Each structure stands twice: as structure tokens, then as C-alpha cells.
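K.L.:
For reference, the chains in residue letters:
Protein chains: 2
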Amino acid sequence: MIASLSAKNCASNKKAIGIFDSGVGGLTVMRQIHAALPYENICYFGDTARVPYGNKSPETIKKYARENARFLQDQNIKILVVACNTACALATDLHSYVDVPLIGVIEPGVRHAVESTRSGSIAVLGTKGTISSGAYQERLKAALPEAKIFAAACPLLVHVVEEQLFTHAATRLLIEEYTAPLMKNSPDTVILGCTHYPLLQPLFQEILGEDIILIDPAYSTALAVQQKLRALDQLNSGPEKGSCAFFVSDDVLKFKETGELFFQRSLDKVTLKI
Amino acid sequence: MIASLSAKNCASNKKAIGIFDSGVGGLTVMRQIHAALPYENICYFGDTARVPYGNKSPETIKKYARENARFLQDQNIKILVVACNTACALATDLHSYVDVPLIGVIEPGVRHAVESTRSGSIAVLGTKGTISSGAYQERLKAALPEAKIFAAACPLLVHVVEEQLFTHAATRLLIEEYTAPLMKNSPDTVILGCTHYPLLQPLFQEILGEDIILIDPAYSTALAVQQKLRALDQLNSGPEKGSCAFFVSDDVLKFKETGELFFQRSLDKVTLKI
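Protein chains in written order, with the numbering used here: chain A, 99 to 372; chain B, 99 to 372.
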């Protein structure tokens, strides 16, 4: 019985980890997963033909998330990571459309923030969709009922990151304006609740102060994926290093160029999904 | 024979003018058409589920433009106005997919600029897609071979307009940075080659100087539509004022809120196209 179970796992553990995002942002999550689990094959889908998701309606995000999940399931994956905060926040029914384990970035980010805070005062930044859904706020409150939680939508930060204005005066102005009301409440922990924001981490740290703990949910998401695969006996033990395949719905060349900033290594094997 | 032709026209001139754009921006064009042709019925489609178009590939824009045109043709239109500069610049084969007359914003904008310039030095601003296509530059050169033409992509301006940062310091910084290289060439005429930019017209005028002629192609597009319909004997002579119907692919409420800034009147009859 044990031998038969192991044989089954040995075959299926070669399957890929599927990850989707609205575009390049989720590559910051993939980077952490790839670093934590170097023997895993990973299949990434960036929905660049319909990016961004952050300012679209819950109904549209649900539809896009279902379509993306279906595409990745057809690639023979063993687990699905929703690397887009907006999709995690709004496509709340996605679990009923997938037949593999599902991991989002919000729960791991919340766990990380709750472990990090000393004062119990936590701020979260994200797209309009993520913030107005209340997804982070509700989970933080559930995990730490005495927490004081503050949130702000930062709708232009995705776009300044896409334009690589990481240290531009306009970016600085926007961050100062978006965060000023929150900082009056003196949070000690700030969740970067959008996969684009980690590329602004140095600027956030400078503006918010060196003592602020910035939480990038990508780290804890990678850990959650590792734990889930271990629990399911689905970790790929190698011996070959895992391969990375990328699919996009628009413009392979642009994805490669911008994506390398997010993934911090070259992107080979990028295919246009028609 | 003449009577029969008139009867036919009398029936078909009640058909609507179809207009599409990637989102709300095309409402600046619709506003001019509605002002010039108050007896015309107008049917507008904003592809808000896939907005923006400005940073997407020609192939994707072509596909979206065909789908939008097909939808509007199903609404029984007599002429199709492509109010999105990026779609005009990149969906160059659209005419072969529609069976009604097609009017874009680029040719009218070029005509207007060529009539306005005194020095022959003309600058054009637009999305990455519009500018890199060379659509404005080529048509300007064809219309005025001795012209000196300068162009700059301003990718973040769509987003600051959508966030209504019409006079924000960050918007000012971006406009200054985008236009500084162009202004060294002392153009006397600057084409606002994106339907969002007219909402920044006061700021552009302040930054570029009072003497600069800013061209909003919406005005001349409305004139072109009027001329085409007159030539085809398809003008609607009333007596009732024309009605306006709006369709969007996402979020009716958000379209109404933002769209009223662009259309400068309330938007009734907005329907979600599934």
C-alpha cells in the first residue's frame, strides 16, 4: 500500500506548480517560489492582454481568474498559485472551479504581518480592487482580533513600476500622498499588497522610515507552497533542477523585457497563448 | 428613382453613429460629435474590461478592434467612429472587417494640425502604441512634406487622468519630462494624440506656453463625421433630438462616474455587454 502510494507520487510530483497573475507582477512571487523550491517545474501565465486587474470589477476578475486557472490546469499542474492580489481578493469562488490545491498570496501575507507586528498596528497597501474588497483587512482582524488595521489604495503605483520609475520624483510624491493618512496611525508593519510594490521597496523604506517592517507576501507564499506540497507528498526531489515555462496573452518581447526586472533573471521559453 | 432613394435614406438615416474606444477616453470624441450633430442617435462602446490599449501589441489591438466593430455593427449603425488613437494607429486592417463607412481620429487630427501650423514644426503626443506605430508621423509627413515632426510617448498620462489628477504635482512633473525633449525643437502645434489628454489641456497649455496651439482631434473628427454623413445623404434631420446609448464590457457604475468627466453631462442608458 505504501509502495503503491509512493509510486503514484513519484510520477505526479514531476508535475508543475502553476502560477498566474494579470501580467509581470506575479514574477516577484514566482521568484521566491523558484528560490525556495529549485527542483520544482513551474508554469507561469501572465494575462498581459487584459492587464491591469486592479481597477476592474469583481465579476470580470472572477471570469478572468477562472479562464486563467483552466488554462493552467490544462498544462498538467499539481498546485495553483494565484499570484495576483486583486484576483485573490475578488475571485473568491475560484476554489470551486479548480481540482488542484489552491494557494493565494493574501493568507500568507497576513500570517507574516501578524507574526511581525509588535504594536498590533498594521497597514496594507494595494490596488483599488484589493483594498475595497476588504480581503486583507478581514483576514488580519480574524488572525489578530485586537489589531488596528489601516488600508490605502495606491492605484498609480502599478503603472509607475511598469514604467520603471522606481526612484522618480513623481513616484515619491504619489507614495507620500497615498501613505500619509495611514502613517498618522503609526503602524509598525506595512503589507505591500500588490506584486508590483516590492520593486519600490527601497523607496517605501526611505519614505516610511527604516523602522517600518515591510511585508512582501511573496516570501510567505513560497513557504506556504512548500508546506502544502510537503503535506501532500508532492515535492519534486529532483535530481534535475526544475524548469520554468512562461505563457502570456500578449506581447512576448515586452514580457521578457519587463519581466526580467521582476524575476531577476532572464526569461526563456515565453510562449504566446492565443 | 429619386423618390425611392430618398425613402431609403429616410429610413436608414435614423440609424446610429457607432463609436468605440478602449474605455472612457472616446467620450471626449463623442462629446464633439454630439455637439455638432445633435439629431443623431449615437451608440458608444467602451471596452473597459480590457482597458488600456496603449501598451498592448498590434495583434491584440487588431483583435479587440474587430470584436468591438462587430458588436457595434450588430447595433445597426450607419457609420463607425474609432475614437481610440491606439486602435486607429494599430488596427490598420479594420476597414476590411466592417461594411459601414469608417472614420478614425488620426486623419482629422492631422488635417487640423497641418491647417494650424505656421512654422511647419509639429509635435505629437500619444500612447506607446500610437507613437511607435508612426501613424501620426507618416500622415503628417504625407500631408505636409516639408514639416518637421517630433513625437513622444506619454504612457502614464492615461492613468493620471483616470485618477483625475488633472493638476497634481506628479502629473506636472510627468508632462514636463515627456515634453521637454520635444520643446527644444520649438514646435508651434502639438497634437494631443490620445483621447484622455484633452482633460489635461489647461496643464499642457500652462507648461508648454500660451502660444502653443494644442490640437484635440475630437473637433475635426466630429466635422469629418458630419461631412461623410452629408455626402452619403445619411444625416438625421430630426425632428427629435438624437439619443445616446452606452455599452461597456465592465463596471457600469465606474464608467458612469468617470465618463461624466469626459462627456461633460450625465450618462444614462449604460448597459453591460456580456
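Since the hints were made in silico from the structure, they are not lab data. One thing to keep in mind: the hints can contain errors.
Since the list gives no way to pick one copy over another, a pair counts as held whenever it fits inside one copy or between any two copies.
BS3-like cross-link-like pairs, simulated, lysine-lysine; straight-line CA separation at most 30 Å [to be verified]:
| id | residue 1 | residue 2 |
| --- | --- | --- |
| 1 | LYS282 | LYS326 |
| 2 | LYS354 | LYS160 |
| 3 | LYS160 | LYS239 |
| 4 | LYS161 | LYS226 |
| 5 | LYS239 | LYS352 |
| 6 | LYS160 | LYS339 |
| 7 | LYS239 | LYS339 |
| 8 | LYS226 | LYS352 |
| 9 | LYS282 | LYS113 |
| 10 | LYS246 | LYS113 |
| 11 | LYS160 | LYS367 |
| 12 | LYS246 | LYS161 |
| 13 | LYS354 | LYS161 |
| 14 | LYS113 | LYS226 |
| 15 | LYS367 | LYS226 |
| 16 | LYS239 | LYS371 |
| 17 | LYS282 | LYS371 |
| 18 | LYS367 | LYS339 |
Computed from a predicted model, the values in this text were never measured in an experiment.
K.L.:
Decide, hint by hint, whether the structure agrees.
P.N.:
Quick rundown of the hints versus the structure:
| no. | hint | result |
| --- | --- | --- |
| 1 | LYS282 x LYS326 | neither (38 Å within a copy, 59 Å between copies) |
| 2 | LYS354 x LYS160 | both (27 Å within a copy, 22 Å between copies) |
| 3 | LYS160 x LYS239 | within (24 Å within a copy, 46 Å between copies) |
| 4 | LYS161 x LYS226 | both (18 Å within a copy, 28 Å between copies) |
| 5 | LYS239 x LYS352 | between (39 Å within a copy, 29 Å between copies) |
| 6 | LYS160 x LYS339 | neither (34 Å within a copy, 40 Å between copies) |
| 7 | LYS239 x LYS339 | neither (40 Å within a copy, 55 Å between copies) |
| 8 | LYS226 x LYS352 | both (25 Å within a copy, 12 Å between copies) |
| 9 | LYS282 x LYS113 | neither (48 Å within a copy, 57 Å between copies) |
| 10 | LYS246 x LYS113 | neither (42 Å within a copy, 58 Å between copies) |
| 11 | LYS160 x LYS367 | both (28 Å within a copy, 25 Å between copies) |
| 12 | LYS246 x LYS161 | neither (33 Å within a copy, 47 Å between copies) |
| 13 | LYS354 x LYS161 | both (26 Å within a copy, 22 Å between copies) |
| 14 | LYS113 x LYS226 | neither (35 Å within a copy, 39 Å between copies) |
| 15 | LYS367 x LYS226 | between (33 Å within a copy, 25 Å between copies) |
| 16 | LYS239 x LYS371 | neither (39 Å within a copy, 37 Å between copies) |
| 17 | LYS282 x LYS371 | neither (46 Å within a copy, 43 Å between copies) |
| 18 | LYS367 x LYS339 | within (16 Å within a copy, 57 Å between copies) |
In summary, the numbered hints that this structure violates are 1, 6, 7, 9, 10, 12, 14, 16 and 17.
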